[in-house]
Structures are given as C-alpha cells and as structure tokens.
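Colleague: Sequence:
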Amino acid sequence: MSDAAATAGKDFIRTIITEDLAGGQHTEIVTRFPPEPNGYLHIGHVMSICLNFGVAEEFGGRCYLRFDDTNPLKEDQDFVDSIKADVEWLGFDWADRLTYASDYFEDFHACVVQLIEAGKAYVDSLSAEAIREHRGSLTEPGRNSPYRDRAVDENQDLFRRMRAGEFDDGAHVVRAKIDMAAPNLNLRDPTLYRIRKVGHQRTGDAWNIYPMYDLAHTISDALEGVTHSLCTLEFEDHRPLYEWILDNLDLPARPRQIEFSRMNVAFGITSKRKLAALIGAGFVGGWDDPRMPTVAGMRRRGYTPGALRRFVRSVGVTKKDKIIEMSALENAVREDLNEHAPRVLAVLNPLKLVLLNYPEGQAEQLTAANHPHRPELGTRELPFARELFIERDDFMEDPPRKFFRLRPGGEVRLRYGYIIKCVAVVRTDDGVVSEVHCTYDPDTRSGGPAAGRKVKGTIHWVAAEASHEVEVRLFDRLFLVANPDGNRDGGDYRDHLNEASLRVTTHCRVEPSLIGAQAGAVFQFERQGYFIVDTVDSVPGRPVFNRTVTLRDTWAKLERAELARIQ
RNA sequence: UGGGGCGUAGCCAAGUGGUAAGGCAACGGGUUUUGAUCCCGUGUACCGCAGGUUCGAAUCCUGCCGCCCCAGCCA
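Just so you know, this note's numbering puts 453 at position 453 of the first sequence, and the rest follows in order with no gaps.
These aren't lab readings, by the way, just hints derived from the structure by calculation. Incorrect hints may have been included.
Taking lysine-lysine pairs in the BS3-like style, the calculated list, with each CA pair at most 25 Å apart, reads [unchecked claim]:
#1 Lys402 - Lys557
#2 Lys402 - Lys352
#3 Lys84 - Lys120
#4 Lys84 - Lys74
#5 Lys272 - Lys74
#6 Lys84 - Lys272
#7 Lys456 - Lys557
#8 Lys456 - Lys352
#9 Lys421 - Lys352
#10 Lys197 - Lys74
#11 Lys272 - Lys322
#12 Lys272 - Lys320
#13 Lys274 - Lys74
#14 Lys319 - Lys272
#15 Lys319 - Lys10
#16 Lys274 - Lys84
#17 Lys10 - Lys322
#18 Lys402 - Lys454
#19 Lys402 - Lys421
Label-pair ranges, simulated between beta-carbon atoms [said to hold, decoys possible]:
#20 Glu28 - Leu377: 39 to 45 Å
#21 Gly282 - Asp476: 16 to 22 Å
#22 Gly286 - Pro400: 39 to 45 Å
#23 Leu377 - Ala328: 44 to 50 Å
Quantities reported herein were computed from a predicted structural model and do not represent experimental measurements. For glycine and all other residues, C-beta sits at the position ideal for the given N, C-alpha and C.
Modelling step: build the complete structure from the supplied sequences, incorporating the hints.
Modeller: Here it is in structure tokens:
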C-alpha cells in the first residue's frame, strides 16, 4: 500500500462496506465497473475504476469488468478493446470476470415476461412523443397511457411479437407499471424494452428488442452477486427504480446501490460527445492525443498508472461536486516520476557555447548519476568537448536581480562538469546572440581538486557534435478557463480552447544515451521536466519526446511575481 | 414553483455533542553541482445563513439561502 493510500483515510463507501462485513450482511464483497463501450475512458472513469477494483482488492472480494452494451446504435467493439487495455494498464485484473450485459439478454427477457405475468409491466403502443406528453412535467403529474390496462395475455403476445421482429422500431415499447403521478420521474412507468431492428456487436441478429439501462443494469448486478453497486450521483434518482426491480423480481442477490460524486479536473472536459467533437474538428489528433484527459491520452503523455492511482486516492470519495485543481494531478505525477525517472541532459532551445581555452580536438567523458537519490540506478558517461549547446534561457546579457545562471563576466557550473566564465558574446547581423564564448577552469571538474568551489548556478548542456537533434512536443492545457463545461455565461466550451496547447520544437539536442531510448521510456530532462518517448511517432534511432509535466519552477514563479509587481 | 443530492480555508478532505486532522496550492526558511528533490515553518476556516436545544454544537432541531441532477424508446 502506498503512502497516499495509508494516509487517505476511509471514505463513506468503505465505511459502509466495513460495517456490512462486520454485521454479517456479506461474507464477500463484489463490485463491478460497468462502462458503456461508446467512447474512451477518461480521468473521471479512473476514479470509478480505482474505487470498484480498489475496494474489491482491499476487502479480498471480486470486481467485474462488465460492458453495458444495451444500445447497439452507439456501441462499438473498438471501444471495448480500448477500455480493456486502459483498465489493464491502470493495473487492475478482472481475471475471469469479464462480462457483457448482452450475456444476460435472455435473462432480461425472462424477467420482463415475469413482470408482465404479474401485471407489473405492459406493452405501450404510444409514440415516443405521446409518451413524453403523457409523462407530465417536473411540477405536474403524468397521465396513464390508454394501453396501460391491456390484458396480460395481450401484453405477452405483443411482447413475443416484438421479439420476433413483427413490428418496426418505435411501434411498441414495454413499460413498468409503477405510478404516473410519482414525483420522481423515473417512476412514471419507465421504459424497459424498445424495438431496435439493428445488429448487435456481440449477439448479431438474434434480437429485435433491447433492454434499457435500468432493467439491464439492475438485473446484471443481481446475477453477478454484486453486493455494492457504486455509481455516480446522477443515478441517485434511479435508485428507487433499481429497488423496485429488485423487489418485483425473483433474483439471486440483492445489491445495494451507493452513489458518489464524479471527479472533474480543472481546465478539462470529460463529456465524450465534446471530446469526440475536438477530434472531429481536428483540434487534437485523436483519443490518444497527449492533451486529452482520456486514459489513452494521459498514457501517451507520460502519466503513469501509479501517478493516477495516487492522485485518485488523494482526492477521496464523497458526494460533493468537485473540480480538482490541475496542480493536484501534476503533483501526483511528479511524485511518481521523481522516484522512477532516470535523469538525463537535454537542451530544448540550443545556444552554442565555445570554451576558448579548451584544446581543439580534445574530448573527454564525464560521469553522471542516473538518479540523485538512487545510486543503485548507476551512472553513465557524457561526452564533453570544446563546443557545447546550452539552454538559451540560461543566458541573459542583462539579467534581472537574482538571476544566477550565465551572464557576461559571470560564472556558472556545467552540470557534472566544469565551472565556466562568460568572456564574450557573438551576435548575428540583427543583433541576436548566436554564440557565447567562455573559459573553463580545469581544476573544477566534478571530482577534481577545486570541485567544491561554489558558484551560484548550475546549468545543463550537451556536446555540440556528440549530441542528437530530436523533436520535442510541449503541451499546455486544452482550455483557457477552469470549467469549460460549465458555460456559466451561456458560452460554449469551444470558445475557451487554448490555441497554444501544443508546441512542437524540432531542434532540441539530447545526450547520446537517449538515441536508443525505447518507445514509452520516461526520463527527467534535468532542470526542465519529465518526458516520455512517444509511442506513436518515434522510430528507432529517431525518438520523439512528449513533455509529461515540467519540474516545479520557483524561478519562473519569481519572474511572474516580478512582472506583476512592475505592471 | 415537483423530486433527489450537496454546502468545513483558493482546491480537495477528516470530523458523527466536548471546543476544527491531513494533502494540494500560496508564502517564508534550511540543505543542494537539477532555482528539482528533501527538510523545517506560516492559516484566526464567522464549519452556507439565521434562530433554537444543551453546561457545551461543524456535529441535534427549525427556518432560510446557494449550487448540482432529473421530464431519452441514452447510459
């Protein structure tokens, strides 16, 4: 168990489960994660996955991965595959508990036959519009359908013929007979089955009718022996219907539905429809675009399962609407990556640096640690030479106060190498600095006689010859406002798109050890951030890097504060 | 104006009658050949508001206010 898990405390759901176990209501806990295969999993789903699989793990129970495939119009096998891959990647194991609501189509059908027999369900032949009119409104009760009191035999016959495909879509529907005046709209004779003469990705042409969510979900839970059916707040209103179904059918178990609030992360959206629209409009490259809040996107971005699980754990489970600040997610990512990512030297925006007193043609290898706190991760050799590249941002001709990187006449240490002093600047015709000339102090090499000499700053570098040019992609938030989904002022989420969310740089320079990096490998580019070798666009010998997240940057913060002060 | 939920610091979140944990953020400081990491330290949160019960209430009662969800043959 991680530290985060240990300090997270118990949420109300785990408290209920603990009590149910202690009180003998259950001897084993069974949960399920029931996605509809109609889109990619996103950060919000991660919460539900971690809760359901996590609870099963912690209490020694079982968790089903069940696809809620009751609407063949919207669902697709591709999504099934991506969801399985995502859950697995997050580190959860459903073992032999991979199921589909469609596995139970025959059971749902039998249940409805049973309800009809008991006079608790009927075939309605009103049109969809008429049913809507009869439903009433939030403040007015509904009216009974003229078909509500059809004879049991007629209902059975009609339902049989619906299944047989004798009617067109929309001709009939079967409804639960509950109460058209119920204040809870879900109880105003909810639809249980509808005709849809379309093939299903798993059952083919076997069915002409398909069950609705409430029926399918409740019965599936019961058939699988689910003890705690955990879902999000918007289903709270459905609980009375969930219980009505349980009460009126002869089922092998009685699950309890418990609702918790969804998790939203600021500056993002999780609506599948809107995410799909971003792809459709070409604003992002696909479901796995590293800027997407999808599991696939975050994976490609370099977020790790450990980071995501840590994050979810730190947020907690409650019933309060929440929008978590990005910093909380980034903190979890940094915590995880800091521990695991090997350090490496790379220059994002190169500026040529020449060591005037370093012998022409000389070259040497400097030893660098792969991780500052984990010596067992070893060291590597860094080629050093007369001509180097440093980060353009690490040199300023006329720096502000407290800038302790390189400046004319100033000294700085080259990471793992020597202390150097800037003696001259070369510029192009239009005045931009093209080269920095320095001298180095041979005694200050790491491990050398004057290695202990203190200078204010240390900067990273790469040898000019013995380094490689690579493409690096820098990402920023997709939206400019914290709650783009909220459209408080009638605005649309599309009005808030961050046009600068992707920056591609092709002239970055990395140390030679990186050239053979495997796709998916993660590194810390010292002083800059964490990067992953892109799994889609990298080719052997030519890695493309995605920046997962920057390092914390107190200098940038100082600069911003200073800027704010001046203005 | 029907029903269902929720309201503890900027964002999360403990707490369930005995006088407000923790994390993130922010702000100081120490260590540091990553301005990273690590380590210290800093918050009067009128516990949505107003009444009430009680020796004592974030916790119990009443009223009010604010926010979210529901009128798919979607899930």
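Colleague: Hint compliance check: list the failing hint numbers for this structure, sorted ascending.
Modeller: 3, 23
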